[in-house]
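> Heads up: the protein sequence lines correspond to chains L and B, in order. According to our numbering, the first sequence is numbered sequentially starting from 1. According to our numbering, the second sequence is numbered sequentially starting from 1001.
Because the hints were derived from the structure by calculation, they are not lab data. Predicted model only: the values in this text are computed from it and were never measured. Note that the Cβ used here is the ideal one computed from N, Cα and C, for glycine as well. Some hints could be false.
Claimed, not checked - So these bits of chain L aren't anywhere near chain B, every CB distance computed over 12 Å: (1) Leu5; (2) Leu99; (3) Gly175; (4) Leu232; (5) Asn308.
Stated by the list, open to error - One-sided excerpt, in silico: chain B residues whose CB lies under 10 Å from chain L: (6) Ser1058; (7) Val1124; (8) Ser1127; (9) Ile1134; (10) Ser1136; (11) Leu1224; (12) Asn1226; (13) Ala1239; (14) Leu1246; (15) Asp1275.
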Amino acid sequence: MKYFLRRILWLVFAIFIALTINFMLPRLMPGDPAIILIQRLEGLEPAAINAVRNAFGLETDKNIIIQYKDYLIDLLHGDLGISISHYPTPVWNVLRKALPWTIGLMGISTVLSFIFGTLIGITLAWKRKSRISDAVLGLFLFIRSFPYFWFGLILVYFLAFNNPIFPLGGATKVGLMPADGWEYIKSILYHGILPGMTITITSMGYWILTIRNNMINVLAEDYITVAKAKGLSMSRIKNLYAAKNAILPSVSGFAMALGFVIGGSLLTEMVFSYPGVGFMLYQAVQQQDYPLLQAIFLFIILGVLFSNFIADLVIMILDPRVRDGAKK
Amino acid sequence: MIKDMLKLFITNRKALLGVIILSIFIFIAVFAPLIAPYHPKQSSDQEGKFQLRAAPSSKHLLGTSHAGYDIFSRLIYGTRLSLMVGIVTGVITTFIALTLGLLGGYYGGVIDDIISFINNIFLVIPSLPLIIVIASYITIRGVWPIIFVLSFTGWAWGTRVIRSQVLTVREREFVKVAEVLGEKPLVIVFREILPNIISLVMATFFTSTIAAVIGEATLEFIGLGNISAVTWGTMLYWAQNNAALLYNAWWWFLPPGLFIGLLGTSFALMNFAIDEISNPKIRKR
Chain L
1 MKYFLRRILW LVFAIFIALT INFMLPRLMP GDPAIILIQR LEGLEPAAIN
51 AVRNAFGLET DKNIIIQYKD YLIDLLHGDL GISISHYPTP VWNVLRKALP
101 WTIGLMGIST VLSFIFGTLI GITLAWKRKS RISDAVLGLF LFIRSFPYFW
151 FGLILVYFLA FNNPIFPLGG ATKVGLMPAD GWEYIKSILY HGILPGMTIT
201 ITSMGYWILT IRNNMINVLA EDYITVAKAK GLSMSRIKNL YAAKNAILPS
251 VSGFAMALGF VIGGSLLTEM VFSYPGVGFM LYQAVQQQDY PLLQAIFLFI
301 ILGVLFSNFI ADLVIMILDP RVRDGAKK
Chain B
1001 MIKDMLKLFI TNRKALLGVI ILSIFIFIAV FAPLIAPYHP KQSSDQEGKF
1051 QLRAAPSSKH LLGTSHAGYD IFSRLIYGTR LSLMVGIVTG VITTFIALTL
1101 GLLGGYYGGV IDDIISFINN IFLVIPSLPL IIVIASYITI RGVWPIIFVL
1151 SFTGWAWGTR VIRSQVLTVR EREFVKVAEV LGEKPLVIVF REILPNIISL
1201 VMATFFTSTI AAVIGEATLE FIGLGNISAV TWGTMLYWAQ NNAALLYNAW
1251 WWFLPPGLFI GLLGTSFALM NFAIDEISNP KIRKR
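Chain L with its partners taken away, still in its complex shape (with noise of 0.2 Å):
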């Protein structure tokens, strides 16, 4: 319960600390972006500026405290301004509409990621002394050090546009709807195929090097050793033995990687312009819509640590040392 209680603490404190940054973030940054933007955006109605305005805390008439207070109000009410781009739609209204297509992407391809990221790499562990076990792992190196966008350029140009099996970008086929129900589920497969692939395989690369290593750690320890020599099977040493311990820590490394996999997303969404999160923040950047900007950034966070709370708890689950302390 305590261990419980004390990720719970955490998590609420995070989120303070989270909320406090993004507020602080513009009001920090020197110069002033919101000058530039009112001028880039001359012409614009009085309670779009406005709007601007209050997402830099420009209103020198309060004070920040007063304007502090006010944001998290105005966040507690589930208002996070307006969108300048979308103007005058509020930002929630059109971040709403990307959340569910990251949120699958990136899911989907995030356990697919873990899975095969750690089953490769409790065979190289394994198979550690064989050639073919350094080229694999040579090989993911390699596709590691590269940019995740430019990796989704190079299947779009090979797999999309040199040899048209997948769409060049988007989430649907133009003109689909939910209401053509399979077709719809059809298309939004076949379109997530190439920008799945994409996260999955450049993010494999943490999870394999991570199972790895630990594996090989777990390996070398006297338990193992004495399960040999009981002449327990192969594969009972690897599987109960050895991959069990080995992949505890990875779980725990989750939220690490976890920032990886949230920027290789959104730049996958970037380059297949596919309707997600990614793809709105890279249009905000575009278009300097600094309220959108923010609301993006903080759900990014607010994401994260609610994965890290859920991988503690899997954590409380499967490694009694937590669970028995919480006990106590």
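Could you slot chain B onto chain L? The hints should help.
The following block gives chain B in isolation, referenced to the frame of chain L:
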């Protein structure tokens, strides 16, 4: 200790390959004007204007861009800034991580609490979105803002690893002995602790340099760099924004990415070698 490390490093096949690749890139960067056939912003010569989006030929090894620039020359000149940003950011990041890690790990107490607290926050914030948000608020476009943003967001992981290593090293006997002998903290930190975490410092440098090279390319690709600078990232930006893909101009977007990947691989190889050397379990027996 450090000499042994270097010896092990050079005899490690992976490290050697990494060093060779990196040396080639440094060579290219230094002698760019001699290697590149044209100036990166040259779009014509005595024979007249260069053909736009020309396919690779003997005149243009990697073809030309939409503005008629020679891609091969841009690639060669681009090595300079790309490599510089990567290494400078790597050095700054490692320096911050080392300073904070040593401070927190050695002194403990309130200093450590504050450092760990900020560190934990930076660890959970995914770096790429943070980088993009900060970079889009900075209105000056150029290489230095990129170095600043990447260093500001990149130190957390290194700090954490170095700090926890310092924590274990400072409990070792030789440190205790030095303390009893009345050595000054600075002397202990630099003479007793630092040599024992040097492999970790190197690993931090390699990792953060890879991250910086990729981070720079990413920011520039999105258009948050100085688009008139010649780097691998801006090459990709121009290629993407001028539909290189649809013109089937593979020579335009393949090479910069390949160079980024190769440079990253060279650091990854050295990093992997450090891992093998400092963790004998991973080394092949």
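> It remains to establish, for every hint, whether it holds in the given structure.
Okay, the hints, checked on the actual structure:
The Cβ of Leu5/L lies farther than 12 Å from every Cβ of chain B, with a closest approach of about 17 Å, so its non-interface assignment holds. Residue-level check passed: Leu99/L sits 14 Å from the nearest beta carbon of chain B, beyond 12 Å. Against chain B, the non-interface label of Gly175/L holds: every CB pair exceeds 12 Å, the least being about 22 Å. The beta carbon of Leu232/L is kept farther than 12 Å from every beta carbon of chain B, the shortest such distance being approximately 21 Å.
The claim that Asn308/L lies off the interface is violated: its Cβ sits roughly 6 Å from the closest Cβ of chain B, which falls inside the 12 Å cut-off. At a threshold of 10 Å, the smallest CB-CB gap from Ser1058/B to chain L is about 25 Å, leaving the interface hint violated. With 10 Å as the threshold, the beta carbon of Val1124/B comes within range of chain L, its nearest partner Cβ sitting at about 6 Å, so the hint holds. For the restraint placing Ser1127/B at the interface with chain L, the shortest Cβ-Cβ distance is roughly 6 Å, inside the 10 Å limit, so the hint holds.
A hinted interface residue such as Ile1134/B counts as satisfied when its beta carbon comes closer than 10 Å to some beta carbon of chain L; here the least separation is about 7 Å, so the hint holds. At its closest, the beta carbon of Ser1136/B sits 5 Å from a beta carbon of chain L; the interface hint therefore holds under the 10 Å criterion. Taken as an interface hint, Leu1224/B checks out: its beta carbon lies about 7 Å from the nearest beta carbon of chain L, inside 10 Å. Annotation: Asn1226/B was flagged as interfacial toward chain L, and the flag is violated, the nearest CB pair being 15 Å apart, outside 10 Å.
The criterion of a C-beta within 10 Å of any C-beta in chain L is met by Ala1239/B, whose closest approach is roughly 8 Å, and the hint holds. The restraint placing Leu1246/B at the interface with chain L holds, with a minimum CB-CB distance near 7 Å, inside the 10 Å limit. The beta carbon of Asp1275/B is positioned within 10 Å of a beta carbon in chain L (closest approach about 7 Å), and the interface hint is therefore held.
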